[in-house]
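Colleague: Given next are the chains, with one letter for each unit.
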Amino acid sequence: MRRGQLLAAAAATCVLAAGAWAAESFDTSRQIGPNPELPEPQQYLFPPMHLASVVGWKSGEVPTVASGLAVKPLATGLQHPRSLYVLPNGDVLVVESKSPGTEGIKRPKDFVMGMIEKMVTGGGGNSAPSNRITLLRDADGDGVAEVQTVFLDHLSSPFGVALVGSDLYVANTDSIMRYHYTPGETTITDPGTPLVALPGGPIDHHWTKSLVASPDGRLLYVGVGSNSNITENGMEAEKNRAAIWEVDRESGRWRLFATGLRNPNGLSWQPESGALWAVINERDELGPNLVPDYMTSVKDGGFYGWPYSYYGQHLDPRVQPQRPDLVAKATVPDYALSSHVAPLGLAFYTADALPAKYHGGAFVGEHGSWDRGTFNGYKVVYVPFSAGMPSGKAEDVVTGFLNADGEARGRPVGLAVDHTGALLVADDVGNTVWRVTAAP
Amino acid sequence: MSRHDAISPRDAVFRQDAAARAAVAAREDLRDDLRATASIAGLPIHAMLVPVPIVCFVGALLTDITYWRTAEMMWSDFSAWLITVGVVIGWLAALAGIIDFASSRGLRALASGWPHVIGGVVVLVLASFNMLVHTHDAWTSVVPWGLGLSVATVIVLIFSGWMGWAMVYRHGAAVVKP
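Each protein sequence line maps, in turn, to chains E and P. In this text, residue positions in the first sequence follow my numbering: the first is 1, and each later residue adds one. In this text, residue positions in the second sequence follow my numbering: the first is 1, and each later residue adds one.
It should be emphasised that the hints constitute simulated quantities derived from the structure, not laboratory data. If you're wondering where the values come from, they're calculated on a predicted model, not measured in any experiment. Glycine included, C-beta positions come from ideal geometry on N, C-alpha and C. Just so you know, not all the hints are guaranteed correct.
Going by beta-carbon spacing under 8 Å, a handful of chain P positions derived as facing chain E [what the hints assert, rightly or not]:
{"id": "1", "residue": "Pro9"}
{"id": "2", "residue": "Asp11"}
{"id": "3", "residue": "Val13"}
{"id": "4", "residue": "Gln16"}
{"id": "5", "residue": "Thr66"}
{"id": "6", "residue": "Thr70"}
{"id": "7", "residue": "Met73"}
{"id": "8", "residue": "Ala80"}
{"id": "9", "residue": "Trp81"}
{"id": "10", "residue": "Asp137"}
{"id": "11", "residue": "Trp139"}
{"id": "12", "residue": "Thr140"}
{"id": "13", "residue": "Pro144"}
{"id": "14", "residue": "Leu147"}
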């Protein structure tokens, strides 16, 4: 009897250890591509977590780039730069943005999560001005911005920017604003006109509103992330969220273009197919290797699963009541990026200044994981494309955001390609914009 | 038999009195030994704290059942608060109770003593797991494991509580004679 109990206990220990070992030794590259391996969902009493405390870049430190590339800071000393937009004259807009902080404490868990968030976003003590757009100008072309001015100030957790003619649109967390822009100006004086209200508070869990204008300039597309991880704030809080909105630029009239996208960012046009693409942050707390984040073409009227299912018809056990009617038509996304890498930036490369292998594909900025034992992401990767679809494995382009001790010197977010064809990377905890060029 | 060996009726009464007094004194000793060591101004800390986890765990069972029937997140949030507060105050109450129990031969001698202590610890272990289950998001914060643990917690709580009431209301545990 006693021996039997011991054996049972030993077996249970082995099973637990094997589970942990399997999760840790899981080859994340099996979740990169069109057919990711999806393990069974697991829920934990203590979910695996590993957070990178922020140490910042020491003077002279730069990220690591792939061979054939070089990297230099275009600008430093920014305040939480999250996204980038390149104006026609080559000026670079840096959106410096902070969470609106309207997410209250609904459960004891939120205390803990709030503390974690403070830690990964660089500490709560930083009260320097943010929620503004800074203009960078590198007129002499040396790769360092000699002009750095406040372009637009006192915004409400802004993220997306789009210019159509002389109309500059800024997606705050709760509205799209229109400003008149005159080429060459370094500060906007126009107080701005609201075009449409977006779902902001209360809560505003995923607050970044990615923005892109249609090629003909008639429509705007806005990413509106979900108001929770997986409906734990109630279904009512998710109204018109986890979706990409299509907004008429003239009237502000809008409709849901695609739904079931938990947190869509990096809205971009694929140059060959002309399709709208986005990177999506998938759900947490189903295990270190679920659910893979992804990039996908976004179809008009498409439903991509959230919250009811993921990768097509894989049901999420945490959602009740379920919606079999919606799950049945859930679209499988095009290309998985592996779990919890937190993609927030996407840029298709149509210039030719970088080495030939980077022509025609997409760069993805992966902000990096927190809810798995070993880090994933914290880098910029390149996904090759052909005929408008991904055509190979993602490869590392910019790494070294984590140091050898697993501390974050920086974290990549938004991407853009500047007028010389260099890749720009917004680094929100490193407070830097990096400029990646071909090696001299 | 000498005269001195004989017991006078008066002596006999005296000796009986002494025996009775000794018995009373022994009972008084035991009575004193039922006193709570962890106390404030002679009032037992365990008794002050223990209603909180009892009410919280019973309340959480009701809010869990309501969430299970409605899928309305507010009820699951209520459960999470109730269980967390119950666990924190519950372990403090247990600490006070265990100090009392460890310091008192009389409490340990009561038939309901050990069952109350073990039952209480089981309740808190179950509720502590339940607190972690309730950190899950949405449906699986409650169904099936959260609700199951809430039911188990309350069942063991009724047993443990019954033993505790027996200690106090039958034997006067932690009660000071006026």
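Colleague: Work down the list of hints and note, for each, if the structure agrees.
Modeller: The hints, checked one at a time:
no. : hint   : verdict
1   : Pro9   : 65 Å, violated
2   : Asp11  : 62 Å, violated
3   : Val13  : 61 Å, violated
4   : Gln16  : 55 Å, violated
5   : Thr66  : 14 Å, violated
6   : Thr70  : 10 Å, violated
7   : Met73  : 4 Å, holds
8   : Ala80  : 5 Å, holds
9   : Trp81  : 6 Å, holds
10  : Asp137 : 4 Å, holds
11  : Trp139 : 4 Å, holds
12  : Thr140 : 5 Å, holds
13  : Pro144 : 10 Å, violated
14  : Leu147 : 13 Å, violated
Hint compliance for this structure: hints 1, 2, 3, 4, 5, 6, 13 and 14 are broken, all remaining hints hold.
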